[in-house]
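A.B. asks: Here is what each chain is made of, one letter per residue.
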Amino acid sequence: MSAAGTKGWSRQQMADRLAAEFGDGWIVNLGVGIPTLCSNTDLGGRDVVFHSENGVVGYGPALPEGQEDPHLVNAGGQNVSLRPGAAIVHHADSFAIIRSGRIDATVMGAYEVSASGDFANWKVAANAKGGGIGGAMDLAACARRVFLLLEHTTRRGAPRLVRRCALPVTARRVVTLVATNYGLFEPEGEGFRIKELAPGLTPDEVGAATGAPLAA
Amino acid sequence: MPKNKLVAGFAEAVAGIPDGATIAFGGFAGPGTPFNLIRALLAQGARNLTCVSNTTGGAHQPRMPDIGMLVENGQVRKVVCSFTAATRPTDVLPFARFLEAGQVEAELVPQGTLAERLRAAGSGIPAFYTPTGVGTEIAEGRETRVFNGREHLLEHALPVDYAFLRAWQADEAGNLRFRLSQRNFNPVMAMAARTVVVEVEEDVLPVGAMDPDAVHTPGIFVHRLVRVPPPPEGLWPARRAERAR
Numbered sequence: 114m115s116a117a118g119t120k121g122w123s124r125q126q127m128a129d130r131l132a133a134e135f136g137d138g139w140i141v142n143l144g145v146g147i148p149t150l151c152s153n154t155d156l157g158g159r160d161v162v163f164h165s166e167n168g169v170v171g172y173g174p175a176l177p178e179g180q181e182d183p184h185l186v187n188a189g190g191q192n193v194s195l196r197p198g199a200a201i202v203h204h205a206d207s208f209a210i211i212r213s214g215r216i217d218a219t220v221m222g223a224y225e226v227s228a229s230g231d232f233a234n235w236k237v238a239a240n241a242k243g244g245g246i247g248g249a250m251d252l253a254a255c256a257r258r259v260f261l262l263l264e265h266t267t268r269r270g271a272p273r274l275v276r277r278c279a280l281p282v283t284a285r286r287v288v289t290l291v292a293t294n295y296g297l298f299e300p301e302g303e304g305f306r307i308k309e310l311a312p313g314l315t316p317d318e319v320g321a322a323t324g325a326p327l328a329a
Numbered sequence: 080m081p082k083n084k085l086v087a088g089f090a091e092a093v094a095g096i097p098d099g100a101t102i103a104f105g106g107f108a109g110p111g112t113p114f115n116l117i118r119a120l121l122a123q124g125a126r127n128l129t130c131v132s133n134t135t136g137g138a139h140q141p142r143m144p145d146i147g148m149l150v151e152n153g154q155v156r157k158v159v160c161s162f163t164a165a166t167r168p169t170d171v172l173p174f175a176r177f178l179e180a181g182q183v184e185a186e187l188v189p190q191g192t193l194a195e196r197l198r199a200a201g202s203g204i205p206a207f208y209t210p211t212g213v214g215t216e217i218a219e220g221r222e223t224r225v226f227n228g229r230e231h232l233l234e235h236a237l238p239v240d241y242a243f244l245r246a247w248q249a250d251e252a253g254n255l256r257f258r259l260s261q262r263n264f265n266p267v268m269a270m271a272a273r274t275v276v277v278e279v280e281e282d283v284l285p286v287g288a289m290d291p292d293a294v295h296t297p298g299i300f301v302h303r304l305v306r307v308p309p310p311p312e313g314l315w316p317a318r319r320a321e322r323a324r
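Chains X and U, in that order, give the protein sequences. Counting the first sequence from 1 gives a position; our numbering is that position plus 113. Counting the second sequence from 1 gives a position; our numbering is that position plus 79.
The set of hints was computed from the structure by calculation and includes no laboratory data. Computed from a prediction, not measured in an experiment: that's the story for all the values here. Any given hint might turn out to be false.
Label pairs and their calculated CB-CB ranges [to be verified]:
| hint | chain 1 | residue 1 | chain 2 | residue 2 | range |
| --- | --- | --- | --- | --- | --- |
| 1 | U | T223 | X | N153 | 39 to 49 Å |
| 2 | X | A328 | U | P297 | 28 to 38 Å |
| 3 | U | A317 | X | E309 | 39 to 49 Å |
| 4 | X | G198 | U | T223 | 32 to 42 Å |
| 5 | U | A94 | X | N153 | 41 to 51 Å |
| 6 | U | A180 | X | T315 | 47 to 57 Å |
| 7 | U | A180 | X | A329 | 48 to 58 Å |
| 8 | X | G158 | U | S202 | 37 to 47 Å |
| 9 | X | G270 | U | R142 | 28 to 38 Å |
| 10 | X | P326 | U | T223 | 25 to 35 Å |
| 11 | X | A328 | U | A293 | 56 to 66 Å |
Backbone N, C-alpha and C define an ideal beta-carbon position, used for all residues, glycine too.
Only chain X is shown next, with the shape it has when bound in the complex (with noise of 0.2 Å):
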């Protein structure tokens, strides 16, 4: 799965180690795609509240075929469960959460990264004519914190983590931490900052894979 062959994290390891960063008590917001996996991730007795951008305040696991129910389902269009506690609101009711700061993290996929902390994942090419805005840019600009999670670079091996966003942003400076098969980094400005590193892994070989330059 990543570029570096058996170096590195699984997707769900990369989901695994941002949900460790998860505080306890936080209301958590959940993209698509592998920020998913991190309602699979073993919180340690950790009070996590996942919230879903479709009303759903405090859902857990997808089900089991057969075990789902038609009318629930995540911002991914799974199946999942409730939690004891859980809460249905509307949809305006459901970004008034969001709006008014109470998501303690929202965890997003993304195209790219930059340094100074925008990102891009609404649009696959600058110059598309459609887009998939869903319920990011809200998010983004308004959790508390923002979390990406992506693979390090694309499949052509361009780096994902850069200087300067080339697609169109869905928010501006609001990337708190990034998450991918390589490690764990922080935009600092100018460049990123090395949290922690995937087993096996240099900092000079994720260097050279990332755009932008890379601190210890």
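Starting from the structure of chain X, add chain U where the hints point.
C.D. replies: Leaving out everything else, chain U in the frame of chain X:
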């Protein structure tokens, strides 16, 4: 005694929708989507429509009636959605080729802004400011204002002529109740619309049979109700048979 809002079938429910109407469609990833009303609108044939919904649909199989089908049927002038393309570059929505060919116009709106524009329209609020979208392509050339040291984007209310919704329970007065994530956009779309048409999953209750405290959308917002027949006549999301009650 309130008027009984139940109509006989889907053709009656969508009767009189004129060309050029703006229609909001409830639903999010399946639950709360008025599949039967969309199918009836495909048959009814109103054209030059503006369709407001979270997505244009078509991302999942088996495909259910969606906005993309109305586009394919030549009935749509414009869509207002938070997704006009799939988020995975490898997924291409059926809608995409109509957009690429310029056969339909699209207004892409952040999802929370879409919900709030509908809520505002239904609340007598003509416009509002939001931090969402500031510094992005969608804010280019638009009015912003600084509040509490932070830039905000002006957004206008989004009133609609019709809302097509799907609810779990209703009474003859049009009081509605949704089940779990079926609620999504439905209550705010009901508020934003002049005429609200609802397909209902359970038998419509007599007036007085619904607990007032259990009503999610009051009947004063609702005009026409139609009962969804059991499958195969009525369209239901998959796995209804295993639905946990």
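A.B. asks: Does the Cβ distance between G270/X and R142/U fall inside 28 to 38 Å?
C.D. replies: holds (36 Å)
A.B. asks: That 37 to 47 Å hint for G158/X and S202/U (C-beta), does it hold up?
C.D. replies: holds (42 Å)
A.B. asks: Is it true that the C-beta distance of T223/U to N153/X lies inside 39 to 49 Å, as the hint says?
C.D. replies: Roughly 40 Å apart at Cβ, these two residues keep to the hinted range, so it holds.
A.B. asks: Take a look at whether the Cβ-Cβ distance between P326/X and T223/U falls inside 25 to 35 Å.
C.D. replies: holds (32 Å)
A.B. asks: At the C-beta level, are A317/U and E309/X separated by a distance inside 39 to 49 Å?
C.D. replies: With Cβ atoms ~41 Å apart, the hint holds.
A.B. asks: Just to be sure I understand the hint, the distance between the Cβ atoms of A180/U and T315/X should be within 47 to 57 Å; is that true here?
C.D. replies: holds (49 Å)
A.B. asks: Could you say whether the range 28 to 38 Å given as a hint is met by the Cβ separation of A328/X and P297/U?
C.D. replies: violated (58 Å)
A.B. asks: Cβ-Cβ distance between A180/U and A329/X: within 48 to 58 Å?
C.D. replies: holds (51 Å)
A.B. asks: Does the Cβ-Cβ separation between A328/X and A293/U fall within 56 to 66 Å?
C.D. replies: Holds, since A328/X and A293/U (Cβ atoms, about 57 Å apart) stay within the stated range.
A.B. asks: Can you tell me whether the CB distance of G198/X to T223/U sits inside 32 to 42 Å?
C.D. replies: 39 Å Cβ-Cβ, so the 32 to 42 Å window holds.
A.B. asks: Evaluate the given range 41 to 51 Å for the C-beta pair formed by A94/U and N153/X.
C.D. replies: holds (48 Å)
Checked against the numbered hints listed earlier, the structure breaks hint 2 alone; every other hint is satisfied.
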